[in-house]
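Quick mapping for you: the protein sequence lines, in order, are chains A and B. Heads up: the first sequence begins at 22 in the numbering used here, then just goes up one per residue. Heads up: the second sequence begins at 5 in the numbering used here, then just goes up one per residue.
To be clear, the hints were calculated from the coordinates, so they are not data collected in a lab.
Estimated spans, in silico, between C-beta atoms of each pair:
{"hint": "1", "chain 1": "B", "residue 1": "A17", "chain 2": "A", "residue 2": "T103", "range": "42 to 48 Å"}
{"hint": "2", "chain 1": "B", "residue 1": "N23", "chain 2": "A", "residue 2": "R130", "range": "30 to 36 Å"}
{"hint": "3", "chain 1": "B", "residue 1": "T9", "chain 2": "A", "residue 2": "S90", "range": "36 to 42 Å"}
{"hint": "4", "chain 1": "B", "residue 1": "P114", "chain 2": "A", "residue 2": "S90", "range": "47 to 53 Å"}
Covered stretches of chain B, as calculated for chain A (at least 3 residues, CB under 8 Å):
{"hint": "5", "region": "49–58"}
{"hint": "6", "region": "102–114"}
Idealized CB from N, CA, C, for every residue including glycine.
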Amino acid sequence: DAGITQSPRHKVTETGTPVTLRCHQTENHRYMYWYRQDPGHGLRLIHYSYGVKDTDKGEVSDGYSVSRSKTEDFLLTLESATSSQTSVYFCAISGRVGSYEQYFGPGTRLTVT
Amino acid sequence: DAKTTQPTSMDCAEGRAANLPCNHSTISGNEYVYWYRQIHSQGPQYIIHGLKNNETNEMASLIITEDRKSSTLILPHATLRDTAVYYCIAINTNAGKSTFGDGTTLTVKP
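Bound conformation, chain A alone:
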């Protein structure tokens, strides 16, 4: 399995509080991605990174920000959590230019009350 971990694995927070999720990889892969998955649906891309300090928006980026200060870590921040952001968040990594072969982390289940 690819060396990719996510923390925390579960989190319950209140509306309006900031939340940061962490994705950590040991594969030295260039590309990293954050997705969210709502019950019964596929994954939707939030943000992705194609290198240190290089990030771009995905399909559902509103309300989320990211940072990547070093290759191994990609942080996803909810500045002010809302109930609509209750979801499972997956991080993925990809190593090869021109390839979309991604490896996914175990996911973080976030509940905003």
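Starting from the structure of chain A, add chain B where the hints point.
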């Protein structure tokens, strides 16, 4: 990226081949077809990808029609552990991003 259409659900008998279709009629020449699967609540797992030629690996085979408007993922001898949601995506890999649709829920039955 081209939109893909997959059946919502399919059943397959254990030991038989599972053939999962995907329609991507608006695919462009530089877009690849990728398949992933997601078992229960785990992170998705890469299966296979192709551009225009048929592909095979240890997990599955991918058949892409000559006009590239559709493809079929084949699991040659399905087992109960192949029960999962299967996602087909069409992506220009130079674009660096894509989104997974709702996929096909494959249920392998004894």
